[in-house]
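Chemist: Sequence:
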Amino acid sequence: MEILADHFIALLGMTFLLLCSAFFSGTETALFSLTRGQIKRMRAHGHQVEKMLSLLAENPSGLLIAILFGNLVVNILFFSTSAVIASDFGHIYGEVGEVGFGVAVLFMVILCGEILPKAAGLSFPERIVRLNSALLRSWFRFLGPLRVVLEYTASHLEPAEQHDNRLNAEELKMLIDATQHDPTFGKQEKAIVEDIVNLPEIRVRELMVPRVDQLFRRADAPAGEALLEAAEQELELIPIYDGEEDNIVGVVRVHELYVDGQPDRPLSDYAHPVRFVPETRRADAMLREFLADDLLMVCVVNEYGGLAGTIFLEDLLEEVVGEFDAMESPPIEQLGESTYRLQGNLGIREWRSLFVGFLPESIMRTLALDTVGGLVVSLLKRMPAVGDVVRVQNLKFTVESVRDRRIETVGLELSDSGGGDTV
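Each residue of the sequence shown is one higher than the one before, starting from 1 at the first, in this note's numbering.
No lab work stands behind these hints: they were computed from the structure. The model shown is predicted, which means the values in this text are computed figures rather than measured ones. Among these hints, one or two may not hold up.
Claimed, not checked - 20 angstroms max Cα-Cα, derived EDC-like pairs, lysine to aspartate or glutamate: (1) 396 with 337; (2) 51 with 126; (3) 118 with 98; (4) 118 with 95; (5) 381 with 408; (6) 381 with 404; (7) 40 with 50; (8) 40 with 126; (9) 396 with 413; (10) 396 with 333; (11) 396 with 408.
With the hints as constraints, model all of the structure from the sequences given.
Modeler: In structure tokens form, the structure reads like this:
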């Protein structure tokens with residue numbers, strides 16, 4: 001075509017500029033996708049590569065500015081040249097010719113100046129860095145004072161708003177799901193990360209030791225007496241009260257009683273301060289408070305100000321890493337293909353995670369409960385007794401043991417089908 005012959009030099013220039021654009025795009029992608037292992041391996045590949053890697057480590061922002069500025073200049077020159085040729089196409093072939101040439105040029109830039117070189121940079125980063133190191137360093141030095149001005153300007157730009165780069169809980173959950181088939185990320189590690197992510201959704205009332213399960217002693221009780229009880233129950237900490245059990249005045253370390261060796265000394269002499277929190281306090285905030293203030297025990301109070309239970313650092317950590325005491329009875333014990341034994345204090349939240357789909361959501365919305373034992377008592381509508389049976393759709397609960405009017409263990413049988421709620 002005559003018009004192409006007339007613009008032969010301009011087309012050669014555009015080809016050169018397109019190659020320059022590919023050079024900058026591919027080198028940028030290759031440089032900033034290198035792993036630490038690749039960088040360490042490449043340091044033995046010659047003087048120019050070594051200098052480029054040192055520049056990348058010492059001044060990555062300056063190197064990036066040089067690459068982006070080069071790509072910008074190249075693209076401006078490329079499109080300016082193409083605009084002149086497109087105008088001549090328009091004079092000869094009309095608007096269709098002008099638009100067609102513009103679309104073809106844009107397609108070439110996207111494909112040959114961006115997509116293909118970036119794909120090559122991702123696939124062969126080491127090879128591209130080795131090939132382009134000398135040329136890129138020459139361009140970096142050529143910019144000289146102009147690059148310094150650009151770096152200074154960029155470093156003093158105030159962002160309109162500071163963006164928080166931290167991942168939120170939902171993003172972390174998506175990241176965990178994405179690593180589901182990654183062999184380097186084991187099941188235990190995934191479970192721990194999931195438990196950490198879920199901590200903000202948990203309230204301390206779900207983790208606390210209920211008041212009825214906690215050993216309390218009077219503040220004026222002798223240390224020797226408390227020491228014997230602590231040894232029998234394998235306790236490390238004993239809350240002490242003055243007057244009534246709701247009036248907790250401190251917590252005692254059992255090992256300090258051993259070390260001191262004065263059995264007649266009152267427990268109040270060994271008391272450490274405690275803190276009171278509402279039962280709606282989030283578990284993650286409580287964990288931070290324990291660690292920041294070096295707390296031993298926290299008293300959990302209900303909406304009426306009464307003592308609901310106590311919580312220790314161990315309770316919070318076990319939520320993340322699992323039970324510390326292997327001798328404790330498992331909260332869920334499978335007896336057969338569809339039969340289980342549940343501890344009465346098994347949390348409803350744990351129930352949902354292990355028996356998802358079995359417990360009707362309508363029941364959960366209606367009954368504000370924290371434990372499986374509480375669920376059974378609510379459905380019975382009376383104090384439980386050994387042998388009591390309650391059915392909820394395809395679930396059959398049987399009370400196996402009761403202590404102090406509280407359900408200790410419950411038998412559970414799952415069936416494939418079931419009717420309405422019965423007791």
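Chemist: If a hint holds in the structure, say so; if it does not, say that too.
Modeler: Consistency of the hints with the structure:
Our distance criterion of 20 angstroms between C-alpha atoms is met by residue 396 and residue 337, whose separation comes to about 14 angstroms. Restraint check for residue 51 and residue 126: satisfied, since their Cα atoms lie roughly 14 angstroms apart, inside the 20 angstroms limit. Of the pairs offered as hints, the one joining residue 118 and residue 98 is violated, with about 29 angstroms between alpha carbons and a cut-off of 20 angstroms exceeded. The straight-line distance between the Cα atoms of residue 118 and residue 95 is roughly 33 angstroms, outside the 20 angstroms bound, and the hint therefore fails.
Note on residue 381 and residue 408: the hinted pairing holds, with a Cα-Cα distance of about 17 angstroms set against a maximum of 20 angstroms. A distance of roughly 17 angstroms separates the Cα atoms of residue 381 and residue 404; the hinted pair therefore holds under the 20 angstroms criterion. Simply put, residue 40 and residue 50 have alpha-carbon atoms about 10 angstroms apart, close enough for the 20 angstroms limit, and the pair holds. Proposed proximity of residue 40 and residue 126 is supported: the alpha carbons are some 11 angstroms apart, at most 20 angstroms.
Restraint check for residue 396 and residue 413: satisfied, since their Cα atoms lie roughly 5 angstroms apart, inside the 20 angstroms limit. Between residue 396 and residue 333 the CA atoms are separated by roughly 16 angstroms; this keeps the pair inside 20 angstroms, and the hint holds. Distance restraint check for residue 396 and residue 408: the Cα-Cα separation of roughly 17 angstroms lies within the 20 angstroms cut-off, and the hinted pair is therefore satisfied.
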